[in-house]
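In the order they appear, the protein sequences are chains G and C. The numbering used here runs 1284 ahead of the 1-based position in the first sequence. The numbering used here runs 220 ahead of the 1-based position in the second sequence.
Just so you know, not all the hints are guaranteed correct.
What the hints assert, rightly or not - Below, a list of computed lysine-lysine pairs in the PhoX-like style, where the Cα atoms sit at most 25 Å apart:
| # | chain 1 | residue 1 | chain 2 | residue 2 |
| --- | --- | --- | --- | --- |
| 1 | G | Lys-1781 | C | Lys-427 |
| 2 | G | Lys-1712 | C | Lys-447 |
| 3 | G | Lys-1789 | C | Lys-385 |
| 4 | G | Lys-1777 | C | Lys-447 |
| 5 | G | Lys-1563 | G | Lys-1290 |
| 6 | G | Lys-1712 | C | Lys-427 |
| 7 | G | Lys-1642 | C | Lys-427 |
| 8 | C | Lys-447 | G | Lys-1781 |
| 9 | G | Lys-1709 | C | Lys-447 |
| 10 | C | Lys-447 | G | Lys-1642 |
| 11 | G | Lys-1290 | G | Lys-1550 |
| 12 | C | Lys-427 | G | Lys-1336 |
| 13 | G | Lys-1488 | C | Lys-447 |
| 14 | C | Lys-385 | G | Lys-1709 |
| 15 | G | Lys-1709 | C | Lys-427 |
What the hints assert, rightly or not - Sample of chain C residues at the chain G side, in silico, Cβ under 8 Å:
| # | residue |
| --- | --- |
| 16 | Tyr-317 |
| 17 | Gly-320 |
| 18 | Glu-321 |
| 19 | Phe-322 |
| 20 | Tyr-324 |
| 21 | Leu-325 |
| 22 | Pro-328 |
| 23 | Asp-334 |
| 24 | Thr-336 |
| 25 | Lys-408 |
| 26 | Glu-409 |
| 27 | Gly-446 |
Keep in mind that the hints were calculated from the coordinates and are not lab data. Just so you know, these numbers come straight off a predicted model, no measurement behind them. Don't be surprised by glycine CBs; every beta carbon is placed ideally from N, CA and C.
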Amino acid sequence: MATTLKSVDAVVIGLGWTGSILSMELANAGLHVVALERGAYRDTSPNWSYPKAADELKYGIRGDLFQRLSKDTVSIRHSTDGVAVPYRQLNAFLLPDNVGGAGVHWNGQHYRPSPEDLKFLSHNVERYGAKFLPEDMTIQDYDVTYDELEPYLDEFERLCGTSGQAGNIRGTLQPGGNPFEGPRSRGYPTPALPDTEGALRFAKAARELGYSPFPQPSANCSQPWTNQYGVRLGPCNLCGYCERYGCYLYSKASPQTTILPALMQKSNFEMRTHSTVTKINLSPDGKRATGVTYVDAAGQEFIQPADLVILSSFQINNVRLMLLSGIGTPYDPRTGEGVIGKNFAYQMMSESALFFDKDVAINPFIGAGSGGQQIIDEFNADHFDHAPHGFIGGGYILGGTTGGRPLQQLNVPAGTPMWGAAWKKAAKENYLHTSRVQTHSSVMAYRGAYVDLDPTYRNALGMPLARITFDWHENEYRMTRFVTDRALEIVEKMNPKSHTLTMRKAGDHFNTRQYQTTHITGGVITGADPRTSAVNRYCQSWDVPNLFVFGASAFPQNFGYNPTGLIGGLTFMGAHAIRERYLKAPGPLVPV
Amino acid sequence: MPIDKFRNRRTFLRQAISVVPSVTFIGSASELLTANGARAAPTEQPSVPYQPTFFTSAEWTFLNAATDRLIPSNEDGPGAVELGVPEFIDRQMESGYGHGEFWYLSGPFVTDVDPTLGYQLQYTPRAFYRAAIADIDQVCTEAHGHPFHALNATTQDDVLTSLQKGTLALPHIAKPAEFFIQLLANTKEGYFADPMYGGNKHMGSWKMIGFPGARADFADWMQQPGKVYPLGPVSILGERA
Chain G
1285 MATTLKSVDA
1295 VVIGLGWTGS
1305 ILSMELANAG
1315 LHVVALERGA
1325 YRDTSPNWSY
1335 PKAADELKYG
1345 IRGDLFQRLS
1355 KDTVSIRHST
1365 DGVAVPYRQL
1375 NAFLLPDNVG
1385 GAGVHWNGQH
1395 YRPSPEDLKF
1405 LSHNVERYGA
1415 KFLPEDMTIQ
1425 DYDVTYDELE
1435 PYLDEFERLC
1445 GTSGQAGNIR
1455 GTLQPGGNPF
1465 EGPRSRGYPT
1475 PALPDTEGAL
1485 RFAKAARELG
1495 YSPFPQPSAN
1505 CSQPWTNQYG
1515 VRLGPCNLCG
1525 YCERYGCYLY
1535 SKASPQTTIL
1545 PALMQKSNFE
1555 MRTHSTVTKI
1565 NLSPDGKRAT
1575 GVTYVDAAGQ
1585 EFIQPADLVI
1595 LSSFQINNVR
1605 LMLLSGIGTP
1615 YDPRTGEGVI
1625 GKNFAYQMMS
1635 ESALFFDKDV
1645 AINPFIGAGS
1655 GGQQIIDEFN
1665 ADHFDHAPHG
1675 FIGGGYILGG
1685 TTGGRPLQQL
1695 NVPAGTPMWG
1705 AAWKKAAKEN
1715 YLHTSRVQTH
1725 SSVMAYRGAY
1735 VDLDPTYRNA
1745 LGMPLARITF
1755 DWHENEYRMT
1765 RFVTDRALEI
1775 VEKMNPKSHT
1785 LTMRKAGDHF
1795 NTRQYQTTHI
1805 TGGVITGADP
1815 RTSAVNRYCQ
1825 SWDVPNLFVF
1835 GASAFPQNFG
1845 YNPTGLIGGL
1855 TFMGAHAIRE
1865 RYLKAPGPLV
1875 PV
Chain C
221 MPIDKFRNRR
231 TFLRQAISVV
241 PSVTFIGSAS
251 ELLTANGARA
261 APTEQPSVPY
271 QPTFFTSAEW
281 TFLNAATDRL
291 IPSNEDGPGA
301 VELGVPEFID
311 RQMESGYGHG
321 EFWYLSGPFV
331 TDVDPTLGYQ
341 LQYTPRAFYR
351 AAIADIDQVC
361 TEAHGHPFHA
371 LNATTQDDVL
381 TSLQKGTLAL
391 PHIAKPAEFF
401 IQLLANTKEG
411 YFADPMYGGN
421 KHMGSWKMIG
431 FPGARADFAD
441 WMQQPGKVYP
451 LGPVSILGER
461 A
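Same shape as in the complex, but just chain G (with noise of 0.2 Å):
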């Protein structure tokens, strides 16, 4: 028998990125706000503190920080007619957990979109001609322009305190900077971390060839920095523990360095951690939240009425509880309708590390998740003419380490076993002098790739798992060619002894198995359409207008970049609009 609890003036889903962005801001603007996080408080101290924060076994490869896949995780098949399993093993993308939830153990590689990537449907049609696209590829334009969403993404940059080197700023182009961003109001925060030896050594290359690298942008601050909430970050070491890590340095952005000192000690803010929401609730005529059922470490259930509710839990997620809760259309594959759980999207990637002489010090240990990176853009988004190439999209190529740790980044030479003497040899020669080229690339939408509820397996509360649906496409694997043979020629001009190579090729269907991203997209898709998308463009649900869903499940596809830059940026939009609009006049933000 579920308790009703007082009523609140909003509930937040999800204590990560966008959920301490919006109970800060709600809370700002005077409202009763309670977070709802079925897992736990963690914080810097005393959870990932030196020394204990430098363990590659626990973080890296248990994967202390991520979803326990015993209690919950999705099913994936490659196509509707195939039956799906269990991802039984975190491996091809991370699930996060806890407070700070993806935030805390993400890399930092901070971008903006490109201006095309907005309006992506639009402006290829406009250039390349609606044939040019394949039957079944279902992207669509955000409701939104770059110039529009610039003020948001700047935002969060300053909660951030990201390091980078500027490339525009009001239309005049930075040396040094991305030629290829969209204008920007100001520069970064704080100026770009050093390169490491492999970043310098591939920044040269490239330049060579007639590029314009530039630092990666980085949420790995590179001075001390106060944000907007008055919260202080200091430098970063690159001590290269980032991806899959808590920052023990207060250095890479996180709820947790960036929000949560503020948050917490308001008295109108209310944090519950091990509360899973399993449904929010509908008034008779479905058309408005009443709030949300959860149930909490013991087991017992409550309901929570509010009169705002805030979706902010990771992609998939969010995609499971609209449909748990039966709010908006499920989408079809066959027909192409409804909108919850459409335009699935992820990210490819292509990796190849460098082996250099022993007299080449690339120290890999020395690096961070983003920062000490050099990347080059001219591949990426819209960048270059796709006309002769037939794809569209592409993405961002990158040189550098990002650390040394030996489990998940010691390379050996291809050709070399995986065990035995010829492999402990070659680990031993070829650590020191390792470095990387990847590619970070987009995938877009299609018709068959989306998320609905598996007919059969379930989570430890007996609710349905997520099934995926999804495999790459032509476009992807000419893109992904196209974009790798481009970060090959550089390779070449580094000059290294030897390198390997991993990409995806023509045919491979998607592995679970392969570490790439954890960027997985789309489900509550954002666009001016209701009967094509499920939010508006502030992310707020065309159904029920007083629920909000934030996060990379608003991606109508997925773009060339890491995507917390504009989860930030549209998070903080919807976050404004909600304050100086909506809760004046609580209603629909875009007319139906």
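Starting from the known structure of chain G, arrange chain C on it as the hints suggest.
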């Protein structure tokens, strides 16, 4: 004659394993090497041999023999047994990992799907060792007249290779290659993980490759790309080398 020397060492290890499964090999092996003039013995020797908690005597013997082939000891650096990898794996079996806390293990189990859809067996790591080692020893005995640990090195490598390729048919395991994936992963974990987990004794693997371990502070070095980093590793519990 380094090759013969190390072959002798391996033979010694194998005999030691066969006769007294629970004894520690590190001390004895090092003494042997010292006697041969190959290497100074480590300064610290465990006074009490490690007693496996999870593995049975037969399993422990297999594990020592198999990890010794996966990462052998030779002139390039320490091997898996020397660095305590079997101890590491035994201790991991008692952890949440060993009990399957990190894996989704609810049925139904559909194993005839494309391998790109990942691990689809019902075993926890513990259960997988228990089931697979018995099968492998049985298959080796049927084919070669001896369990795995008593085979010569070449045959052991052949068995491991066919296990890796999935061509070694095991009576009770639907996907034998999945066991190899686990065995090799756990072996490398024990070899490279922080010593506090029982493997990588004295940070032997980190010293071999040049990884500084838990130093995790390069404020003085980030402005000096390309310079040789001079400091040895430290461990989480403060061991230095």
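How the hints compare with the structure:
For the suggested pair Lys-1781/G and Lys-427/C, the alpha carbons sit about 24 Å apart, so the restraint of at most 25 Å is met. For the suggested pair Lys-1712/G and Lys-447/C, the alpha carbons sit about 19 Å apart, so the restraint of at most 25 Å is met. The suggested pairing of Lys-1789/G with Lys-385/C holds, with an alpha-carbon distance near 22 Å, which does not exceed 25 Å. Among the hinted pairs, Lys-1777/G with Lys-447/C is consistent with the structure: their alpha-carbon atoms are about 22 Å apart, no more than 25 Å.
Only pairs whose Cα atoms come within 25 Å are accepted, and Lys-1563/G paired with Lys-1290/G is accepted, the gap being roughly 17 Å. About 10 Å separates the Cα atoms of Lys-1712/G and Lys-427/C, which keeps this hinted pair within 25 Å; it holds. For the hint linking Lys-1642/G to Lys-427/C, the alpha-carbon distance of about 16 Å falls within 25 Å, and the restraint holds. Distance check on the hinted pair: Lys-447/C and Lys-1781/G sit about 19 Å apart at the alpha-carbon level, within 25 Å; holds.
At roughly 23 Å between alpha-carbon atoms, Lys-1709/G and Lys-447/C fall within 25 Å of each other, so this suggested pair holds. In summary, the hint linking Lys-447/C to Lys-1642/G is supported, as the alpha carbons are separated by about 12 Å, within the 25 Å threshold. Of the pairs offered as hints, the one joining Lys-1290/G and Lys-1550/G holds, with about 19 Å between alpha carbons and a cut-off of 25 Å not exceeded. Annotation: proposed proximity of Lys-427/C to Lys-1336/G holds, straight-line Cα distance about 20 Å (limit 25 Å).
As the CA atoms of Lys-1488/G and Lys-447/C are separated by approximately 18 Å, the hinted pair is consistent with the 25 Å bound. With a C-alpha separation of about 22 Å, the suggested pairing of Lys-385/C with Lys-1709/G holds against the 25 Å cut-off. Distance check on the hinted pair: Lys-1709/G and Lys-427/C sit about 14 Å apart at the alpha-carbon level, within 25 Å; holds. Of the supplied interface hints, the one on Tyr-317/C holds, with its beta-carbon coming within about 6 Å of a beta-carbon of chain G, less than 8 Å.
Given hint, Gly-320/C at the interface with chain G, holds; its Cβ is 6 Å from that chain's nearest Cβ, closer than 8 Å. The interface hint given for Glu-321/C is met, as the beta carbon of that residue sits about 5 Å from the closest beta carbon of chain G, less than 8 Å. Among the interface hints, the one on Phe-322/C holds; its C-beta lies about 6 Å from the nearest C-beta in chain G, closer than the 8 Å criterion. The closest approach between the C-beta of Tyr-324/C and any C-beta of chain G is roughly 4 Å, which is under the 8 Å cut-off, so the hint is satisfied.
Interface restraint check for Leu-325/C: the shortest CB-CB distance to chain G comes to about 7 Å, inside 8 Å, so the restraint holds. Here the hint on Pro-328/C is kept, as its CB sits about 7 Å from the closest CB of chain G, short of 8 Å. A cut of 8 Å between beta carbons decides the hint on Asp-334/C: the least distance to chain G is about 6 Å, and the hint holds. With a least beta-carbon distance of about 4 Å to chain G, the hint placing Thr-336/C at the interface is held under the 8 Å criterion.
Taking 8 Å as the C-beta contact cut-off toward chain G, the hint placing Lys-408/C at the interface holds, the least distance being around 6 Å. At its closest, the beta carbon of Glu-409/C sits 6 Å from a beta carbon of chain G; the interface hint therefore holds under the 8 Å criterion. A hinted interface residue such as Gly-446/C counts as satisfied when its beta carbon comes closer than 8 Å to some beta carbon of chain G; here the least separation is about 5 Å, so the hint holds.
The structure shown violates none of the earlier numbered hints.
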